[in-house]
Amino acid sequence: MHSLRGEMAQQGIQLDQEKLSCSICLDLLKDPVTIPCGHSYCMSCIKSYWDEEKESYSCPQCRQSFTPRPALVKNTMFAELVEELTKAGLQSAAPDHFYAGPGDVACDFCTGRKLKASKSCLVCMASYCEQHLQPHYNVAPLKKHKLIEATSKLQENICPRHDEVMKIFCHTDQQSICYLCTLDEHKGHVTVSVAAERAEKQTELQGNRQKIQKRIKDGEKDVEVLLQRVEAVNLTADRAVEDSEKTFKVLICIIEKKSAEVQQKIRFQQEAEVSQCEELLEAKHQEISELRIKDTELEQLSLKEDHLHFLNSYHSLTHLSESKDSPSTSVQPKKCFEDVMVAVAKIRDEVCTALSEKETKSPEKSPETSSEKTPVRINEVGFQEPKTRAGFLKFACQITLDPVTANQFLFLSKNNRKVTLKSEAQLKPWIHPETFLNWWQVLSSNGLTGCCYWEAKWSGNVIIAVAYKDISRTGSRRECGFGNNVKSWALDCDSDGYTFRHKNKSLSVSGPLSSRVGVFLDHRAGSLSFYSVTKTMNLLHRVQTRFTQPLYAGFWLPGTAGDSVEVCEL
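Residue numbers (UniProt numbering): 1 to 570.
If you're looking for bench data, these hints aren't it; they were derived computationally from the structure.
Given the structure is predicted, the values throughout are model-derived calculations rather than measurements.
Watch out, some of these pointers could steer you wrong.
[Claimed, not checked] So the derived label-pair ranges between C-beta atoms look like this:
id, residue 1, residue 2, range
1, A237, R215, 30 to 40 Å
2, G103, Q61, 40 to 50 Å
3, T151, K217, 25 to 35 Å
[Claimed, not checked] Within a straight-line C-alpha distance of at most 25 Å, the following computed SDA-like cross-link-like pairs (lysine to any residue) qualify:
id, residue 1, residue 2
4, K457, D563
5, K74, G101
6, K146, Q202
7, K143, G101
Just so you know, even glycine gets a beta-carbon here, dropped at the ideal spot from N, CA and C.
Input sequences plus hints: build the corresponding full structure.
Here is the structure:
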């Protein structure tokens, strides 16, 4: 039995490996079972395969079906055979893993189906599987040969001109050559053996590796420093947030306390004023009662026929006491709390000014990373929209109109700050893609972000708007017209009043009619406000939304020739 085992292991190992492999897992049979058609599989493999089938059970190879599901019994003969072959040296691996496939290096000495090569010999210039490699381990002369991992690039070591192994390196031409090359085209060149050149380059390689490793260590130190810096920045930021939160809580407490004190003061003043009014009220009621009694007595006296009695009583009854002061002169409710309200308003203005001017500052950017300058600063802290024109003027920005975007019927003047509708189109040598073709509209040159304020003086029928730059220049009114799509917000101004337009929807707006309209934009807060500017600022309409791009001021003159609008100098 032992001799049979050895003979099988040496002569029939490749055949047995294929015959004793499971066609499902491609590995040697484990707990082999034979199904009724005669094919054998691992017990776990065929079980799993049949578990996926429902009504009929078939053989994965010949597709023969069985009903009912066959009982599986271990094939003891196959099991013993697999065990014996494994002991004889057969590896429990997929048979295909022994053979060279696409991309593998094949043994140069195998006949028929070639096995994978495990080593390549730089002296023999051939590749060997484990079986054919044994002489290199056992034969003394072959032991000196240089073995490397199996490679398909052995032919690169052969001189294409002389078909000899290239063992020489030419310094002059910086290439490997064979000894015959030194006799003709490389004659007289500086040459060394490839081994010597390799040794020299190996030394250089080590030097390069040392430089790289040093840079890696330096880089790792830099990474550590940066990580520490990130940690420090995060800790500092957390502390700053915590401290600022505490500070604002203190401020809120101070304001709430001051508010309570002011309310208490107002209530005390209220009680005093009301008490005074009640006293005057009681006195007036008393005076009115006395006067009514006096009036009744005089009425009765007027009816007396006795002249002597009338005259005697007249002087006493007609004597009237002086009237009490009128409440209109002694009590003035508005002035009672005027001082308090003025003081509160002053505190409010001072706080708002402080918060708007002393905004949180971010670190300065380097010239390489700084962005373009915006028209105004973005307020970072609890900003409230100004109440007075002087407050708005702090955010004034310069608006100029872009001639490229202007429709051909629009005429720009005053350094591109005024636009007038003409009855005839202006001839242009060519139409720019940014020009509004179908509608008498124009956009500003500069995009608007942050907090911006500007004023426009209009006459006739003018639509004052803001829009994204990518609003359509050609197409229907809904696509291009300011206020008729999602990319623009507009206030229609004419002699009949104002109308706000957005997404093709209109809303009548009430407010004092003025030829000057103020527009305030807080881009970050998503706030857009239109004001009628007279002696005071009168809010016409405010939009609260979320802006996703910079906005551009725009004008639309849908009326008649001569209508105009001008951006005011502030």
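- Item | Violated constraints from the hint list, given by number and in increasing order | 2, 5 and 7
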